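Visitor: Using the hints, position chain D against chain P.
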Amino acid sequence: MSELNAHDITLAYENATIIQKMRLTIPTGKITALVGPNGCGKSTLLRGISRLLKPRAGSVVLDSDDIWRLPTKALAKRLGILPQGPVAPEGLTVHELVAQGRYPHQSWFQQWSPEDERITREALEITHIAEFADRAVDTLSGGQRQRAWIAMTLAQDSDLILLDEPTTFLDLAYQIEVLDLLQDLNLERGKTIVMVLHDLNQACRYADRVVAMRGGQIMAQGAPDQVVTEKMVHEVFEIGCRVIADPVTGKPLVVPESRRRHATPTTDVVRQNGHRPNTNHVEKVADAAR
Amino acid sequence: MAAEKQLRPSWITIRPRGLNFSYKLDRRVPLVALGIIAFTLVVLVVSINYGQYNMSVGDVVQTLLGLNRDHPDYRNFTLVVHTFRLPRIVLAFLVGMALAVSGTIMQGITRNALADPYLLGVSSGAGLAAVALIVWLKDVPAYVLPWAAFAGALITAVAIYALAWKGEGSSPIRLILVGIALEAVLASVTTIMLLFGQINDVQQAYVWLTGSVYGRNWEHVYAIGGWLLVFLPAAILMARQLNTLGLGDATAKGLGLRIEWQRGLLLIISVALAAAAVAVAGTIGFVGLVAPHVTRRLVGPSHEGLVPISALFGGALLVLADLIGRWVIAPSELPIGIVTAMIGAPYFMYLLYRSRNR
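These protein sequence lines are chains P and D, in that order. With our numbering, the residue at position 274 of the first sequence is 277, and numbering never jumps. With our numbering, the residue at position 308 of the second sequence is 314, and numbering never jumps.
Honestly, I wouldn't trust all of these hints.
Unchecked claim - With a straight-line cut-off of 20 angstroms between C-alpha atoms, the simulated SDA-like cross-links for lysine to any residue are:
id, chain 1, residue 1, chain 2, residue 2
1, P, K76, D, V184
2, P, K80, D, R264
3, P, K80, D, D255
4, P, K57, D, M244
5, P, K57, D, R264
Keep in mind the hints are simulated off the structure, nothing from the lab. Note that the coordinates shown come from a computational prediction; the quantities given were computed from them, not determined experimentally.
Isolated chain P (complex conformation) (with noise of 0.2 angstroms):
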């Protein structure tokens, strides 16, 4: 089990800063979801807790490593990160696309043991992708295909997983599906899984964890039932709302107001204290720097 801590870290594209001096700890053995509206710094956040961005600032520390410091295989087998809409070339088979996932247990000479074959095999089960091993990637649904590139990850046999945007894209019920796969992934094979999701609604009934932001801040962080309040979605999003028990889970479920459907005056406390949030300096730059 592992433990990723982000200790004041600044994040940065060329010359905008998105994310100054944050502090983050990833519970182990659990999933958190990264929510915020665009431009909040969600995915670069999840980018530079994954090595995929270098801080400017601060360091990323899994267990006691610097994940800067490790060499790269070692932390590709304890930290597997998916990006967002990721392509295979055109003609790869699932087999051979989850197959690669056991590139940081390989080496020049040893490049196919038998055991990177039984874990292969297993990643294809799990995900139930099995039956379509011999298809290629590019032919399957968007959910299949999904399934195959958590399939890769999971070859990749590391505790932690980072998923930006894994749902994006994907029709409902193949969210649902990807969802209900990495909460298995989670519950019966103990991965710790953080993800940039876009739906509030999936945060809250998916994670145990939820991390809002906006404008490179963490606006709250905790549990679902406690983190999103009206007030937190109005402070993070701009829209009014109700939040409501989830009929069929008990989480709580954000219905949105819109401009010409208000909700009911007793619940609409964050539009009777009037005002809006400033949109701050870091907000601009970030969504200047997409």
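Guide: Just chain D, lined up with the frame of chain P:
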């Protein structure tokens, strides 16, 4: 039901007993390899048989295998086969291998189906350096040219990389445009250099620049052979890195690949192979473009099979192109580079047409 289906990988695993070595290859590789080799051997015999000096196919095969030493014409046979016709054919094969693997690697590291050492101007860079050497220094030995070509090619490749690379990768069209621009600059510099050269040197340089295996001997074969011996196995061993790079920079990094380092190594291998080819046979286009494409259709996109099979395919293609070049306007001959351009240019346009929406 479907889950009970035996999971049978699409590859074969090579794991020799007692050796700390394992490798996997697409299942189709051995058969395709045999097919290409058989085809090449047939073309080889036809090609040796074809020419002014008449000898039967049986004589050709027997001379190649050294079975007819007591034949009255054996001395003539060996002269024609081993001194005149065989070296250029073997050279064509090796040059084809080098260019095909070079193109395969370039397409792999740029994730760009249109990359090719000739189209990107890398071959021209190698050509310019070699021409400079020929024009300025007299009587350059064959084994020195590859080094000069390598230096020229490497500088060109780095320039393309710097000009066309943008963050996460390079768009196919951008890469091609930069390549064409560079190629034009290099070609004009080469022309200027030829204008100021001595007439004999210029003739030597010019014949050689069009891309030809005419009049080549075993010295040229050894010159490129040495480079292939080093860089072809290196390319095959790095197939795995090429596969991983094909998944995108972020995924490759996530899998523990040191991408800048590995991409740099692969670029050097690719440039070295292209340079070695240019140094012995001039600039021959489109082999590096066509070979990986056709090969992908035959054995799929995994580089463990793609690299060796595209090498064989490129070799076979050039042996065939050489034969066509000698036959089509006999008794004169068409340089091999012109034949490959006539085959390759339409194919390139087809690929360009297909990639128009990307």
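Visitor: Each hint needs a verdict: does it hold in this structure or not?
Guide: Hints, one by one, checked against the model:
Restraint check: the Cα-Cα separation between P:K76 and D:V184 comes to about 34 angstroms, which exceeds 20 angstroms; the hinted pair is violated. About 14 angstroms separates the Cα atoms of P:K80 and D:R264, which keeps this hinted pair within 20 angstroms; it holds. Distance check on the hinted pair: P:K80 and D:D255 sit about 18 angstroms apart at the alpha-carbon level, within 20 angstroms; holds. At roughly 26 angstroms between alpha-carbon atoms, P:K57 and D:M244 are farther apart than 20 angstroms, so this suggested pair is violated.
In summary, the hint linking P:K57 to D:R264 is supported, as the alpha carbons are separated by about 14 angstroms, within the 20 angstroms threshold.
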